[in-house]
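K.L.:
What follows is each chain in one-letter form.
2 protein chains.
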Amino acid sequence: MENRDQGAAQNHACASCKQQRRKCDETCEMAPYFPASRYSEFQNAHKIFGVSSIQKILATAAPDQRQAAAESILTEGNARKNDPVHGCLGIIRGLNAQIQGLERELHIMKQHLELCKEKEELDGKKKPIKRRRLAA
Amino acid sequence: MENRDQGAAQNHACASCKQQRRKCDETCEMAPYFPASRYSEFQNAHKIFGVSSIQKILATAAPDQRQAAAESILTEGNARKNDPVHGCLGIIRGLNAQIQGLERELHIMKQHLELCKEKEELDGKKKPIKRRRLAA
Chain E
1 MENRDQGAAQ
11 NHACASCKQQ
21 RRKCDETCEM
31 APYFPASRYS
41 EFQNAHKIFG
51 VSSIQKILAT
61 AAPDQRQAAA
71 ESILTEGNAR
81 KNDPVHGCLG
91 IIRGLNAQIQ
101 GLERELHIMK
111 QHLELCKEKE
121 ELDGKKKPIK
131 RRRLAA
Chain V
1 MENRDQGAAQ
11 NHACASCKQQ
21 RRKCDETCEM
31 APYFPASRYS
41 EFQNAHKIFG
51 VSSIQKILAT
61 AAPDQRQAAA
71 ESILTEGNAR
81 KNDPVHGCLG
91 IIRGLNAQIQ
101 GLERELHIMK
111 QHLELCKEKE
121 ELDGKKKPIK
131 RRRLAA
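Protein sequences, first through last, are from chains E and V. Numbering follows UniProt numbering, in which position 99 of the first sequence is assigned residue number 99; successive positions increment by one, without gaps. Numbering follows UniProt numbering, in which position 84 of the second sequence is assigned residue number 84; successive positions increment by one, without gaps.
Among the clues, some could well be false.
Which copy is meant is left open, so a pair is good if it fits within one copy or across any two.
Claimed, not checked - Subject to a maximum C-alpha distance of 20 Å in a straight line, what follows is the list of computed EDC-like cross-link-like pairs (lysine to aspartate or glutamate):
| # | residue 1 | residue 2 |
| --- | --- | --- |
| 1 | K81 | E41 |
| 2 | K47 | E71 |
| 3 | K117 | E105 |
| 4 | K110 | E120 |
| 5 | K18 | E29 |
Keep in mind that the hints were calculated from the coordinates and are not lab data.
Could you put the whole structure together from the sequences, leaning on the hints where they help?
P.N.:
Written out as structure tokens, the structure is:
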């Protein structure tokens, strides 16, 4: 029975234990954060951080923050895999460029809207005021 | 003379050699990318990557890309220091939230502008058409 359980545990080893070719059971502290389904992502993270750094980051986070910490570790690993030179900085720069583009677009749009409103005031709003004055 | 040169090199050890308490001279491959002035940033990066990973990232980058790679390594170290749980992912999520806010603002602005233009058409453009017809 014990052997069968161990076998099952090995088959369902978490990404970290699979990477280190270790047995994985319910006492494994990495298993809740790095399931086998994220093995290739874990490998990306492992390449740049190493297991000890990953464990250290998880250990210094509060228990309810460990899932978020694991997610950030996998994101950095994936980013470095996709862009070995720039890693996350490539994503950050891309997003910053997108923000600058949107801010420029918004600025132009505001100018258009101001012009449109000025024109609207010139065209439409003077007439009712005049009418009201005449009526008084 | 040799001792004096070594002394000078030690005083100007790059961030990596300073961190590892090694002598640093003009043959040091880390010195161009991690000057002593960025020592504390290097320490942040060292804590999560370790020297061997940093060297590996630099080595796999083309020579003209190594400065960019070093910058990304320091950025990730700083991000993890500032936000030990989320690291760069915290920055990425913040920027994504900023983008969503700008896109919402832009969408609203576009609706305002459309309304303004529709009103402008209703108020102003019909009259010149009538005048033109009368003139013909």
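K.L.:
Confirm or reject each hint.
P.N.:
Hint check:
no. : hint        : verdict
1   : K81 x E41   : within (9 Å within a copy, 23 Å between copies)
2   : K47 x E71   : both (16 Å within a copy, 19 Å between copies)
3   : K117 x E105 : both (18 Å within a copy, 18 Å between copies)
4   : K110 x E120 : both (15 Å within a copy, 17 Å between copies)
5   : K18 x E29   : within (14 Å within a copy, 35 Å between copies)
Of the numbered hints listed earlier, not one is contradicted by the structure.
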